[in-house]
Every structure is written in structure tokens, then in C-alpha cells.
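Peer 1: Sequence:
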Amino acid sequence: MGNAKKVEYNQYTENSDECIKWIEEAIDKEYLNYYEYKHFSNVEEIGFGAFGKVFRANWKNSENYLALKSFFNINNVTAKEIVHELKHQRKVDFHSNVIRVHGITKFESENKIDQTKNYLLVMEYADGGALRNYLKKNFTCLTWDDKFNLAYQLACAVLCLHVEGIIHRDLHSCNILIHQNTIKLADFGLSKRIEETSKSRSKLLGMVPYIDPKRLLNSNNVIELNEKSDKNDLRLMYEISQGQREKVIPNTPDDYVNLYTECWNGEPDNRPSMHEVVERLKTFISNSNIQTNHHQQNDNTKVKRIQPLNTTSDENSSNKGWSQMIQMLQNLDSIDIYNTNKVNPMKSPKKDFNMIVNEIIDLISNELNENKEGKVIRQNILNYLKNLNVDSKDVYNWILNNQNDSDFIFLLGYFYYLGIETKQNLKKAFSLFIGIEENHMLAQYHVGIIYQFGYRHGVAKDDKEAFRYFKKAAKGGYAVSQLDVGYCYAIGLGTKKDLKKAFHWYEKSANNGNIVAIYDLALMCKDINKDYDRAFELFKKSAEGKYSHGIMMLGRCYDNGIGTKIDKQKANELYQRAVKMYQKAARSGDAVAQYYLAYMYKNGKGVNKNIDEAIYWYKQSADQKYKDAQDKLKKLEKLKKREGKCLCRIV
Numbered sequence: 001m002g003n004a005k006k007v008e009y010n011q012y013t014e015n016s017d018e019c020i021k022w023i024e025e026a027i028d029k030e031y032l033n034y035y036e037y038k039h040f041s042n043v044e045e046i047g048f049g050a051f052g053k054v055f056r057a058n059w060k061n062s063e064n065y066l067a068l069k070s071f072f073n074i075n076n077v078t079a080k081e082i083v084h085e086l087k088h089q090r091k092v093d094f095h096s097n098v099i100r101v102h103g104i105t106k107f108e109s110e111n112k113i114d115q116t117k118n119y120l121l122v123m124e125y126a127d128g129g130a131l132r133n134y135l136k137k138n139f140t141c142l143t144w145d146d147k148f149n150l151a152y153q154l155a156c157a158v159l160c161l162h163v164e165g166i167i168h169r170d171l172h173s174c175n176i177l178i179h180q181n182t183i184k185l186a187d188f189g190l191s192k193r194i195e196e197t198s199k200s201r202s203k204l205l206g207m208v209p210y211i212d213p214k215r216l217l218n219s220n221n222v223i224e225l226n227e228k229s230d231k232n233d234l235r236l237m238y239e240i241s242q243g244q245r246e247k248v249i250p251n252t253p254d255d256y257v258n259l260y261t262e263c264w265n266g267e268p269d270n271r272p273s274m275h276e277v278v279e280r281l282k283t284f285i286s287n288s289n290i291q292t293n294h295h296q297q298n299d300n301t302k303v304k305r306i307q308p309l310n311t312t313s314d315e316n317s318s319n320k321g322w323s324q325m326i327q328m329l330q331n332l333d334s335i336d337i338y339n340t341n342k343v344n345p346m347k348s349p350k351k352d353f354n355m356i357v358n359e360i361i362d363l364i365s366n367e368l369n370e371n372k373e374g375k376v377i378r379q380n381i382l383n384y385l386k387n388l389n390v391d392s393k394d395v396y397n398w399i400l401n402n403q404n405d406s407d408f409i410f411l412l413g414y415f416y417y418l419g420i421e422t423k424q425n426l427k428k429a430f431s432l433f434i435g436i437e438e439n440h441m442l443a444q445y446h447v448g449i450i451y452q453f454g455y456r457h458g459v460a461k462d463d464k465e466a467f468r469y470f471k472k473a474a475k476g477g478y479a480v481s482q483l484d485v486g487y488c489y490a491i492g493l494g495t496k497k498d499l500k501k502a503f504h505w506y507e508k509s510a511n512n513g514n515i516v517a518i519y520d521l522a523l524m525c526k527d528i529n530k531d532y533d534r535a536f537e538l539f540k541k542s543a544e545g546k547y548s549h550g551i552m553m554l555g556r557c558y559d560n561g562i563g564t565k566i567d568k569q570k571a572n573e574l575y576q577r578a579v580k581m582y583q584k585a586a587r588s589g590d591a592v593a594q595y596y597l598a599y600m601y602k603n604g605k606g607v608n609k610n611i612d613e614a615i616y617w618y619k620q621s622a623d624q625k626y627k628d629a630q631d632k633l634k635k636l637e638k639l640k641k642r643e644g645k646c647l648c649r650i651v
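In this text, residue positions in the sequence shown follow UniProt numbering: the first is 1, and each later residue adds one.
Everything labelled a hint here was simulated from the structure, so no lab data went into it.
Some hints could be false.
Claimed, not checked - Label pairs and their computed distance ranges (CB to CB):
1) Asn389 with Asp255: 34 to 44 Å
2) Arg534 with Ser96: 22 to 32 Å
3) Lys584 with Asp362: 13 to 23 Å
4) Asp146 with Asp362: 53 to 63 Å
5) Lys565 with Lys627: 35 to 45 Å
6) Gly604 with Ala460: 19 to 29 Å
7) Lys625 with Lys565: 34 to 44 Å
Ideal Cβ positions, reconstructed from N, Cα and C, are used throughout, including at glycine.
Put together the whole structure using the sequences plus the hints.
Peer 2: As C-alpha cells, this is what we get:
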């Protein structure tokens with residue numbers, strides 16, 4: 001919606017018919033993404049609010065969830081609510097701590113008599129629910145780093161709103177959501193633009209503990225509200241810190257106590273600015289020597305709660321209602337959140353799975369950087385999880401149900417790509433990769449790989465598309481894709497062959513630390529530029545990076561005096577190192593390693609010469625459709641037959 005043609009909202013906010021007209025026009029002209037309701041499945045109610053209900057559903061049998069926000073009836077209030085939600089969302093859709101509105105759907109009654117059309121907002125789904133419930137469930141597992149991060153995310157989200165001219169005015173821990181341990185701000189329908197607040201007369205719509213005292217103390221409930229009002233709402237930073245509300249708990253960091261009490265100040269001008277709140281929280285996160293509050297409580301002493309409103313027996317009926325609400329919220333304070341059972345940190349706090357996903361993606365990136373094959377990477381992922389005592393099925397299920405982050409979507413695609421805890425499905429992998437490729441370089445790279453190998457990867461082979469996606473990721477600075485762009489130019493894959501451009505991209509990749517590119521650059525220096533000194537230095541650098549081919553080629557340099565003096569002993573030591581690495585990788589199923597191990601047996605480098613052993617490993621590689629191995633295997637079998645040799649294979 002961010003790039004869609006602007007629609008004038010204000011002209012359609014006077015009555016429900018005009019708002020509905022705007023919605024219908026926006027759908028018709030594709031200014032809004034429209035989802036046909038019949039394509040939603042597994043619709044399940046997960047909550048309700050003042051204006052309607054919230055449902056969780058799957059879209060077109062996909063495995064990720066979306067949230068559907070319904071409205072009890074379309075009238076003047078609810079129609080404006082939809083328009084306001086969409087209006088404010090357009091301004092802050094980019095922020096990671098704001099719930100995204102994907103579009104709109106329409107439920108049409110199957111009852112022929114009742115032909116009403118109920119609009120629902122299609123929104124990002126938050127798996128952790130409301131902050132209030134999240135704190136109750138997970139509080140004992142949260143560290144102070146976790147709490148500071150939650151508070152910091154919240155402050156950043158509110159600051160983003162203020163920068164865009166929006167005040168929320170209804171912040172409380174029931175309309176702030178959690179998704180994968182990340183704050184998600186919601187419910188903009190009750191927000192107002194800052195410039196409109198001086199003209200509006202506000203009613204008390206929020207939860208009492210988070211209402212600005214200025215609003216409570218004004219008997220007419222008429223007050224000018226501005227950004228400072230949202231600072232008071234940041235009193236819920238206290239709730240984040242304690243899992244409860246307004247009482248100072250021992251061991252709370254002093255700086256944090258000072259910050260949230262300043263945000264409660266009854267005089268808005270005395271509250272810190274949102275920029276200051278963000279900067280102070282950032283300092284808390286970076287400061288490892290935070291001083292904590294050591295005020296101890298006697299067992300017989302109760303810390304007095306901060307009362308948001310004083311009530312008396314002669315209040316009017318309206319104030320009696322507020323009094324009852326306050327009492328109910330105070331009773332909530334009496335819940336002993338510290339006596340809840342501690343949750344298994346691997347099963348509940350999403351940050352642990354976040355960490356695992358991030359480390360798996362780092363592992364994938366590092367393995368690709370070392371030119372490891374899919375089978376080897378797959379086994380290394382499983383080994384990593386085994387070392388953590390984590391069931392790969394649990395990781396698969398978690399990412400399956402948390403498909404609202406590009407890394408999680410990528411990893412699910414990668415599990416389909418390699419067949420981890422699911423049947424290998426390259427078409428599904430491709431669909432997930434291409435869905436996030438715009439902002440995910442690993443996804444761009446894998447879209448390129450799938451196009452490069454085509455039929456055996458589930459889509460039609462397309463060298464030009466492969467090259468395009470490699471170059472897209474390469475321009476983003478992804479070293480592995482820079483290597484592949486160099487390869488494409490070197491052999492003319494999807495583009496015109498150009499060795500100068502190949503050298504350029506190999507060099508860029510090498511400068512970004514890719515040891516395979518360093519090796520390929522060395523080959524070009526040796527075979528094309530005839531710059532043997534530089535070739536030797538690059539092979540050496542590649543070997544120092546523990547790249548097996550680099551080690552082998554450095555051995556050849558010493559063996560044949562390429563860029564250095566001949567040193568047969570040094571050459572043999574390097575060959576032996578390379579053979580050990582090839583053997584390990586070959587036994588894990590790496591076709592390239594199998595090919596080079598066969599080469600070492602065939603030529604007796606670092607190992608005793610053995611033609612049968614060479615044929616065996618060429619065949620293992622050829623069976624995986626490695627073309628060079630297929631060609632070598634044919635030649636070697638002919639050679640063996642011609643020479644009539646019958647060597648026993650060493651097992």
C-alpha cells in the first residue's frame with residue numbers, strides 16, 4: 001500500500017456510507033490488497049475488543065497464520081475505525097515493532113435474507129498474544145536484558161508514531177502484542193494525529209491505570225493531549241520490569257525506576273521526551289554495570305501502590321464505575337507472578353529459537369562460503385542441533401508456526417530444500433525463497449541456484465534468471481553470489497563470457513573473505529594472467545583459510561615450483577592434509593570432494609596411487625551427476641581395461 005496512489009481519507013469520514021464507499025473504491029482500484037474470504041481456512045477466534053473480534057486463520061492452506069480483525073457491525077464508528085487503521089498504518093508500516101495490516105477481506109453472509117457485508121482487516125499475526133499475558137507466562141524466564149529490550153522496542157515504536165504525527169493515547173499491556181519475543185504495537189483506530197488533538201474532545205476509552213492523570217483529574221474529561229500523554233502510558237515499562245504494576249520491587253535497577261517514575265509525572269511538561277526515553281534505554285542496554293535498587297522490605301511492610309485515582313463515597317455513578325475498575329486492576333496486582341512455574345527456556349521464550357534460527361543461518365552462510373554441498377550442510381545442521389540437545393522436529397514446527405520474519409521463512413524453505421524433518425520439496429522451497437527474495441540475499445542466492453539447475457530443483461532451468469538473481473545478491477554485497485557472478489562471466493552462463501568481468505567479481509568476493517573466490521582468483525592468475533607470484537600468494541591465503549582445494553593447489557605450487565621454490569617434502573605434507581579433508585567430506589557425500597579424492601588416488605598425491613580407489617570415488621561423484629567425474633570415470637575405466645589391470649580396491 002505504501003506505493004499506491006493516495007486516496008483522500010478526510011472526505012470519507014463523515015458517515016459510514018462514505019467510509020464504505022472509500023473502502024470499496026480502494027479495493028476496486030487495488031489501492032488495498034483484497035483477500036477473498038473463501039480462501040481462509042482453520043478460522044479460530046483468539047480474542048475480542050470494544051469493536052469486534054480477532055481471529056487466526058490460514059490463507060489458501062498455507063502453513064503460516066494471519067490475523068483477521070472483525071467489527072460487530074458497520075456503523076459510523078466502525079467504518080471510521082477501519083479507515084483510521086489503514087490511514088495510520090500507511091505511515092508506519094515500515095517499522096518492525098508495529099503490527100502490519102496486509103489488506104482487507106469481506107465476509108458475505110450465505111443467508112439469502114441477510115445480505116450484510118462485514119469487512120475484516122487482514123493483519124500480521126502475533127503468536128505471543130498480549131504483553132500482559134506474555135509477562136504472566138514468561139516473567140520468571142526474562143533477564144534484565146530481555147526487559148530492557150522490550151521496553152526499548154516499545155519506546156522506539158511510540159517514537160516512530162510521534163515522528164509521523166500520531167499519538168496512540170490508549171497504550172496498555174493488553175493492546176501491545178508479542179511476536180517471537182518482539183514488541184508489536186497495535187490498535188491505531190483510537191489514535192489521533194497530533195495536530196487534530198487540540199480540536200478534539202476526548203473521552204476516557206483506555207484502561208484506568210494507563211490514563212493520563214491530567215485526564216482523570218479534569219472533571220469534564222476535556223483536555224488537550226499531545227506526545228507527552230503517551231509518556232504517561234509508558235508507565236507500562238514498569239509492568240515489563242516487574243510483571244506487575246506500581247510498586248517498587250527489590251533489585252530493580254535504579255536508573256530504570258527513575259525513568260518510569262518520571263514518565264508518571266502528573267505534569268506533562270516534566271516528563272522526559274520520547275527521544276530521551278529511547279536514548280536512556282539504549283544506555284541501559286549497553287551498560288553492563290547497572291546499579292540495582294537494594295531497598296529491602298520487612299515482611300510486615302507493604303509497599304504502598306501508586307493510586308491512579310482517589311475515590312470517595314459521594315462520587316457520582318460514573319466515578320463509582322471507575323472505582324470498581326480500579327479495584328479490579330488492583331486485585332490483579334495481588335497475583336503472585338513470582339510463584340508461577342518456571343517455563344522451560346527452550347520451549348517458551350521465543351528468543352531461544354530466534355537464537356537457534358540465527359545461528360543455523362550463520363552456519364549455512366559459512367558453509368556456502370566454504371563451498372560445502374547441500375548434503376554436508378544438512379548433516380552439519382543436524383549435528384549442531386544434536387550438540388544443543390534440541391530436536392530438529394521442534395525447530396521445524398516452530399518456524400512452521402512463526403512465518404512472519406524473513407529469516408524464519410527462509411529457514412523453512414531451506415528445510416524443504418534439503419528435506420530436514422519434512423519430505424524434500426523443491427517447489428515449496430522455491431516458492432518461499434522467491435516470496436522474500438527482495439530483501440533477503442540468501443533467498444536471492446538460492447532462487448538463482450534453483451534456476452541454474454532447473455529440472456532437478458523443481459522449476460524450469462533458466463540461466464539468465466539464475467545470473468540475474470546472483471547479480472542481485474552480489475550487488476548487495478553477498479560474497480557467495482559475487483563468486484557465482486564471476487563464475488557466470490567465466491563460462492558464459494546466462495550472460496556473455498567476459499573474463500575481465502569474471503576476474504572483477506572474483507576479486508570482489510575474495511576481498512569480502514570468500515575463500516573459494518580467493519582460490520578461483522588464484523587459478524585465473526596462474527592460468528590466464530600468468531602471474532605466478534600472485535597465484536602462489538592467493539593459494540596460500542586460501543589454504544590458510546582451510547580450504548581443501550587451496551591446500552591441494554598450494555601443494556602443487558611447491559611440487560612444481562609455481563611462484564615459489566620446489567619443495568617436495570612441503571608439497572607432500574600439503575597433499576596429505578588435503579587428502580584427509582577430502583576423505584572426510586567425501587564420506588559425508590560431498591560430490592566435489594569425492595571427485596578430488598579420486599584425483600589424488602589416480603595421481604598418487606598425498607596417498608599411495610590406487611586406480612581402483614580412484615574409480616570408486618569417481619563413480620560415487622558421477623552417481624550424483626557431477627559431470628567432470630562422469631567424464632573422468634569413462635576415461636579411467638577405458639584406461640584400466642586397456643592396461644588389463646586388476647587391482648584390489650582398498651576398503
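Peer 1: Run every hint past the structure and note whether it holds.
Peer 2: Here is how each hint holds up against the structure:
no. : hint                           : verdict
1   : Asn389 with Asp255: 34 to 44 Å : 37 Å, holds
2   : Arg534 with Ser96: 22 to 32 Å  : 45 Å, violated
3   : Lys584 with Asp362: 13 to 23 Å : 22 Å, holds
4   : Asp146 with Asp362: 53 to 63 Å : 21 Å, violated
5   : Lys565 with Lys627: 35 to 45 Å : 36 Å, holds
6   : Gly604 with Ala460: 19 to 29 Å : 44 Å, violated
7   : Lys625 with Lys565: 34 to 44 Å : 41 Å, holds
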